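Q: The lines below spell out each chain.
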Amino acid sequence: MFSRGKKQDTKEEIIEQTILKKYNSYYRMAMSFVHNEADAADIVQEGAYKAIKNSDSLKYVEYAETWIYRIMMNEIYRRLDTKKFDSIDDEIFVQIQVEDKYENIDLKRALNSMHAKDKAVIQLKYFEGLKLDEIAYILGEKLSTVKSRLYRGLKKLRCEIDDCGMKGDEHNAG
Amino acid sequence: MPDNFNTILGLYKEQYEKPAMSDKAVFKMKQRMEQGKKEKRLMAKKKTYKGWAIAAAVALAILILPNTSGTIAHAMGNIPVLGGFFKVITFRNYQYDDGRNIADVAVPEVTTEGIVDSSAAETGRKTAEEINAEIRDITDKWVEEFKSNMEGEGYQNTTIDSEVIATTENYFTLKLTCFHAAGDGYEENHFYTIDLNTGEKIELADLFKEGSDYKKVISENIKKQMKEQMAADDSIMYWVDNEEYPEWNFKEITDDTSFYINENGEIVICFNEGDVAPAVMGTVEFTIPKAIVADIMN
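Protein sequence lines, in the order shown, are assigned to chains L and E.
Under the working numbering, the first residue of the first sequence carries the number 1, and numbering increases by one thereafter.
Under the working numbering, the first residue of the second sequence carries the number 175, and numbering increases by one thereafter.
There could be a bad hint or two in this list.
Stated by the list, open to error - Chain L regions said to be covered by chain E (calculated; three or more residues, Cβ under 8 Å):
hint, region
1, 121 to 128
2, 131 to 143
Said to hold, decoys possible - Non-contacting residues of chain E with respect to chain L, defined by C-beta distances greater than 10 Å in every case (computed):
hint, residue
3, Tyr190
4, Glu191
5, Met195
6, Ser196
7, Gly210
8, Glu213
9, Met324
10, Lys349
11, Ala356
12, Asn395
13, Asp449
Just so you know, these hints were derived from the structure itself, not from any lab.
In this text, all values refer to a predicted model and were calculated from it rather than measured experimentally.
Where is the CB? At the ideal position from N, CA and C, for every residue including glycine.
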């Protein structure tokens with residue numbers, strides 16, 4: 001019903017509007033990984049630039065929001081990589097410098113020992129209200145993988161808090 | 175222990191949601207988004223020539239959104255004083271958007287600051303006036319053309335912008351970029367270089383010793399660079415050694431050829447679209463190595 005051209009300009013507008021509406025969500029997500037305002041701002045700025053520049057490659061406008069999240073997530077990973085976190089591969093724990101940010105010592109400990117992608121799943125699901133299949137798309141993973149991440153992440157969170165001593169338990173969860 | 179868990183998740187959420195981007199960071203993000211649009215436009219422009227005319231034309235037509243252009247105007251106004259005397263202020267003097275015809279015209283104006291009382295300052299003021307008059311003529315012509323095209327059925331986009339490039343101790347150059355898209359894109363650049371010591375607008379000839387054949391020296395170097403680039407990359411094409419249309423081949427720069435001096439003090443020769451290469455190559459520049467012209471420069 002629309003010409004090809006019409007669709008394209010709608011995409012760029014939708015992406016722009018989405019970014020302008022959601023930039024603080026991306027920023028929070030970035031902050032939860034890099035813990036540094038300058039780096040987090042940089043991630044969002046680069047992600048926004050790339051999203052606009054490549055807006056024509058978005059296939060379905062309905063997915064604009066998750067599509068941008070995916071770009072932002074990749075920017076976060078790229079930043080973690082260059083910051084010598086070795087690799088963001090799921091077996092690597094992200095040692096974060098939460099310091100006084102999280103007053104609750106249990107929470108701090110739980111987040112510190114959580115896999116980066118498990119943490120992303122929890123945050124996207126509970127704080128950003130995204131569905132698991134959307135999260136799978138954002139992380140570029142299978143739905144089943146995302147489900148195990150959620151399960152493992154929550155268990156970690158729960159156990160650290162309740163002190164149920166799950167040393168080594170994460171191997172069984174995935 | 176769900177209660178305890180919910181409490182901790184609530185705490186986690188509270189901490190998670192605390193950070194907010196500063197106004198400054200948001201401003202920069204918007205700038206980067208404009209940059210993305212610009213680059214996308216340039217990519218689309220190149221595609222146009224490859225036969226995707228319709229899609230690109232529409233993509234090009236939506237590049238400038240009125241609500242964001244104010245920030246650019248603001249940013250442009252903050253350009254510092256150059257050489258302690260010259261300053262460039264940008265006025266966004268024409269904007270139009272009816273969804274089909276889009277224009278965003280920012281006109282730069284060179285102003286002189288302070289009450290420096292010297293012959294160079296006096297010359298500088300005159301130079302600034304001359305340059306401003308010329309820029310006004312060019313931009314008026316572009317706006318007129320845009321308005322007269324509005325009666326047609328198609329999409330069109332006119333963008334005029336400027337930047338100060340290559341401010342060195344001795345020179346500064348203002349670059350005026352005029353872009354028009356309607357089906358395919360066309361970009362035209364104008365360069366104005368002022369000698370900060372004398373206040374005069376300089377021409378290429380002013381840089382060289384009298385009687386020296388600088389045009390030939392520079393042109394030969396450009397041809398050499400063209401051939402090297404073409405040999406290294408198949409996608410690059412210049413009008414040089416073209417046997418099919420020998421009359422198109424680049425022969426020599428003229429008095430009107432644009433140039434500027436980069437921050438390394440090298441002369442950069444600039445050509446508009448179609449001058450020395452197929453239009454798909456866009457506007458092209460050649461940096462002339464210092465060693466090539468060292469003997470004949472003033």
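Q: Hints first: check each against the structure and report whether it holds.
A: Right, here's what the structure says about each hint:
Requiring three or more residues with a Cβ within less than 8 Å of a Cβ of chain E, the coverage given for the region 121 to 128 of chain L holds, as 3 such residues are present. Look at the region 131 to 143 of chain L against chain E: 0 of its residues bring a Cβ nearer than 8 Å to a Cβ of that chain, fewer than three, so the hint is violated. Interface exclusion of Tyr190(E) from chain L breaks down, the closest Cβ pair being 5 Å apart, not more than 10 Å. Residue placement check: Glu191(E) does not keep its beta carbon more than 10 Å from all beta carbons of chain L (closest about 6 Å).
Annotated as non-interface, Met195(E) brings its C-beta within 10 Å of a C-beta of chain L; the closest such distance is 5 Å. The Cβ of Ser196(E) does not lie farther than 10 Å from every Cβ of chain L; its closest approach is about 7 Å, which violates its non-interface assignment. Look at Gly210(E): its CB is around 3 Å from the nearest CB on chain L, not clear of 10 Å, so calling it non-interface is violated. The beta carbon of Glu213(E) sits about 5 Å from the closest Cβ of chain L, which is not more than 10 Å, so the claim that it is off the interface is violated.
With a least beta-carbon separation of about 19 Å from chain L, Met324(E) lies farther than 10 Å from that chain, consistent with its non-interface assignment. With a least beta-carbon separation of about 22 Å from chain L, Lys349(E) lies farther than 10 Å from that chain, consistent with its non-interface assignment. With 10 Å as the threshold on Cβ separation, the claim that Ala356(E) sits away from chain L holds: the shortest Cβ distance comes to roughly 13 Å. The beta carbon of Asn395(E) is kept farther than 10 Å from every beta carbon of chain L, the shortest such distance being approximately 34 Å.
At roughly 28 Å, the least C-beta separation between Asp449(E) and chain L is larger than 10 Å, which holds for a residue marked as non-interface.
This entry does not satisfy hints 2, 3, 4, 5, 6, 7, 8, going by the numbered hints stated previously.
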